[in-house]
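*Asks:* Listed below are the residues making up each chain.
Protein chains: 2
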Amino acid sequence: MCPHALIPYKIVNPKTRLSCMLNQEEREAFARAMLEDVIFAVKDANCSPVVVSTELFDSEDIQITISDADLNQTLNSLLPQSVGAIMIIMADLPLANAQAIKRVISTTSDVAIVPGRGGGSNVIFIKEPQRFHVDYYDTSFLKHKKIAEDAGLSCEVIDSFRLHTDIDEKEDLVELLIHGTGRSRAYLEDLGFVLSVEKGRVGVKRREKNSVVV
Amino acid sequence: MCPHALIPYKIVNPKTRLSCMLNQEEREAFARAMLEDVIFAVKDANCSPVVVSTELFDSEDIQITISDADLNQTLNSLLPQSVGAIMIIMADLPLANAQAIKRVISTTSDVAIVPGRGGGSNVIFIKEPQRFHVDYYDTSFLKHKKIAEDAGLSCEVIDSFRLHTDIDEKEDLVELLIHGTGRSRAYLEDLGFVLSVEKGRVGVKRREKNSVVV
Numbered sequence: 009m010c011p012h013a014l015i016p017y018k019i020v021n022p023k024t025r026l027s028c029m030l031n032q033e034e035r036e037a038f039a040r041a042m043l044e045d046v047i048f049a050v051k052d053a054n055c056s057p058v059v060v061s062t063e064l065f066d067s068e069d070i071q072i073t074i075s076d077a078d079l080n081q082t083l084n085s086l087l088p089q090s091v092g093a094i095m096i097i098m099a100d101l102p103l104a105n106a107q108a109i110k111r112v113i114s115t116t117s118d119v120a121i122v123p124g125r126g127g128g129s130n131v132i133f134i135k136e137p138q139r140f141h142v143d144y145y146d147t148s149f150l151k152h153k154k155i156a157e158d159a160g161l162s163c164e165v166i167d168s169f170r171l172h173t174d175i176d177e178k179e180d181l182v183e184l185l186i187h188g189t190g191r192s193r194a195y196l197e198d199l200g201f202v203l204s205v206e207k208g209r210v211g212v213k214r215r216e217k218n219s220v221v222v
Numbered sequence: 009m010c011p012h013a014l015i016p017y018k019i020v021n022p023k024t025r026l027s028c029m030l031n032q033e034e035r036e037a038f039a040r041a042m043l044e045d046v047i048f049a050v051k052d053a054n055c056s057p058v059v060v061s062t063e064l065f066d067s068e069d070i071q072i073t074i075s076d077a078d079l080n081q082t083l084n085s086l087l088p089q090s091v092g093a094i095m096i097i098m099a100d101l102p103l104a105n106a107q108a109i110k111r112v113i114s115t116t117s118d119v120a121i122v123p124g125r126g127g128g129s130n131v132i133f134i135k136e137p138q139r140f141h142v143d144y145y146d147t148s149f150l151k152h153k154k155i156a157e158d159a160g161l162s163c164e165v166i167d168s169f170r171l172h173t174d175i176d177e178k179e180d181l182v183e184l185l186i187h188g189t190g191r192s193r194a195y196l197e198d199l200g201f202v203l204s205v206e207k208g209r210v211g212v213k214r215r216e217k218n219s220v221v222v
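Protein chains in written order, with the working numbering: chain A, 9 to 222; chain B, 9 to 222.
Among the hints, a few may not be true.
Remember, identical chains collapse to one label, so a pair may be satisfied in a single copy or spanning two.
[As the list claims (entries may be wrong)] With a straight-line cut-off of 25 Å between C-alpha atoms, the simulated SDA-like cross-links for lysine to any residue are:
| id | residue 1 | residue 2 |
| --- | --- | --- |
| 1 | K18 | C28 |
| 2 | K18 | V58 |
| 3 | K213 | R25 |
| 4 | K154 | E136 |
| 5 | K178 | R209 |
| 6 | K178 | Y145 |
| 7 | K18 | E206 |
| 8 | K153 | F201 |
| 9 | K207 | A77 |
| 10 | K207 | M29 |
| 11 | K135 | G92 |
| 12 | K154 | D118 |
| 13 | K18 | E68 |
| 14 | K178 | A37 |
| 15 | K18 | E36 |
| 16 | K110 | D78 |
| 17 | K207 | L26 |
| 18 | K110 | L203 |
| 19 | K178 | M29 |
Since the hints were derived computationally from the structure, they do not count as laboratory data.
Whole structure, please, built from the sequences with the hints as guidance.
*Replies:* As structure tokens, this is what we get:
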């Protein structure tokens, strides 16, 4: 089995909630590094990545370029055209690895969902995409479980913190610096990001350029 | 196999970071409800819960009462006495279920760790406790991996968001209201807690008592 993995990806001015730590150029490079990490994991799990974006970008991977930036509308126009099972996986999951993705696609249910922190749907795997539609934003995890139920499709919730951890805010960078192994972690470290512990709580800080580490 | 599961538990004034939403009495009842959820999951996975606390409390479960509140010192005095494998599981993991715990104790490695959010060690399973010691606080996950390595013990990191999600802050309550199925979720709902969506972000709010829900 070699399901296609649709990866929605925002090229311009992504991850605005990280603006406190990264300027726009850095956020764009960081988002690209996270995408590369996701693509690596997807391929490592023997799936075929298909990047879905509003703009073309330099890459050897398959891209679908869309005019409509509405995520739900876009994906819901693609699902009925699919031949075979489809996975939809977000581009901001740099802790993704093949082992976690294989747990998703080896589900015995009709649909498998990995919830994101805060009620999102970080990964959805659908064996018969014609019978499903997506409804992202807000508590989409609960909505997608309901959509599966209403369509008479069995649904498994996959228990993975690696796929649960989407990188949106400063606090999320802690997880990447602890558990990441790919390009996006390396990019953060190149920028000078390190773990810091203050009052018993673990955070991140960015060292100033040219500062000397003793 | 029926390993003992040590569950450190703070009875008086726990979970102070939830003080913005819960008074002390409520926090104590909430912590107790979370403990009950963890004990349920531990038993459901055929493990034997042993609550480790500085004070006795009303319960049918086995308790070890200790005079010293220092978590590391306490656990490190217990580990060498253990006959057989030991699990240490935190009391604030109300999303724990038998399936996740079974993945931990069925490891083929000498040690298995489930990292908590922010570098903690939410669950540690040790086949030969005499060869290991704990060092909680700060980025204990990294410290525990190093302790295993230094002792020549193989270590598996278990990928579970249910055991990764410790409940410390207001934002964590979102996870409990979405994914919880036990007493602590019911307790929160009894207090009037509901999910709320503001500006596309999912949070929680507490309804005022006697307010009428239309």
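*Asks:* If the cutoff is 25 Å on CA atoms, where do K18 and C28 land: within, between, both or neither? Let me know, please.
*Replies:* Answer is within: at 19 Å inside a copy they meet the 25 Å cutoff, but 36 Å across does not.
*Asks:* Please sort K110 with L203 into within, between, both or neither, judging by C-alpha distance up to 25 Å.
*Replies:* Neither, since 30 Å and 32 Å both go past 25 Å.
*Asks:* Between copies, within a copy, both or neither: which fits K154 and D118 at Cα up to 25 Å?
*Replies:* Within one copy only: 13 Å inside, 41 Å across.
*Asks:* For K154 and E136, with the copy left unspecified, which applies at a CA distance of at most 25 Å: within, between, both, or neither?
*Replies:* Within. Shortest intra-copy distance 16 Å satisfies the 25 Å Cα cut-off; inter-copy 45 Å does not.
*Asks:* Checking K18 and E36: alpha-carbon separation at most 25 Å within a copy, between copies, both or neither?
*Replies:* Answer is within; shortest intra-copy Cα gap is 9 Å, inter-copy 44 Å.
*Asks:* Within, between, both or neither: how does the pair K18, E206 come out at a Cα-Cα threshold of 25 Å?
*Replies:* between (34 Å within a copy, 23 Å between copies)
*Asks:* State whether the alpha carbon distance between K178 and M29 is at most 25 Å within one copy, between copies, both, or neither.
*Replies:* Cα proximity of K178 and M29: in one copy and across copies (7 Å, 23 Å).
*Asks:* Evaluate K213 and R25 at a C-alpha cut-off of 25 Å and name the case that applies: within, between, both or neither.
*Replies:* This pair counts as both: shortest intra-copy Cα distance 16 Å, inter-copy 22 Å.
*Asks:* At 25 Å max between alpha carbons, let me know whether K207 reaches L26 within a copy, between copies, both or neither.
*Replies:* both (23 Å within a copy, 17 Å between copies)
*Asks:* Between the shortest in-copy and the shortest cross-copy C-alpha distance, which are at most 25 Å for K178 and A37: within, between, both, or neither?
*Replies:* within (16 Å within a copy, 32 Å between copies)
*Asks:* Between copies, within a copy, both or neither: which fits K207 and A77 at Cα up to 25 Å?
*Replies:* between (43 Å within a copy, 19 Å between copies)
*Asks:* Between copies, within a copy, both or neither: which fits K178 and R209 at Cα up to 25 Å?
*Replies:* both (13 Å within a copy, 16 Å between copies)
Checked against the numbered hints above, the structure violates hints 16, 18; every other hint is satisfied.
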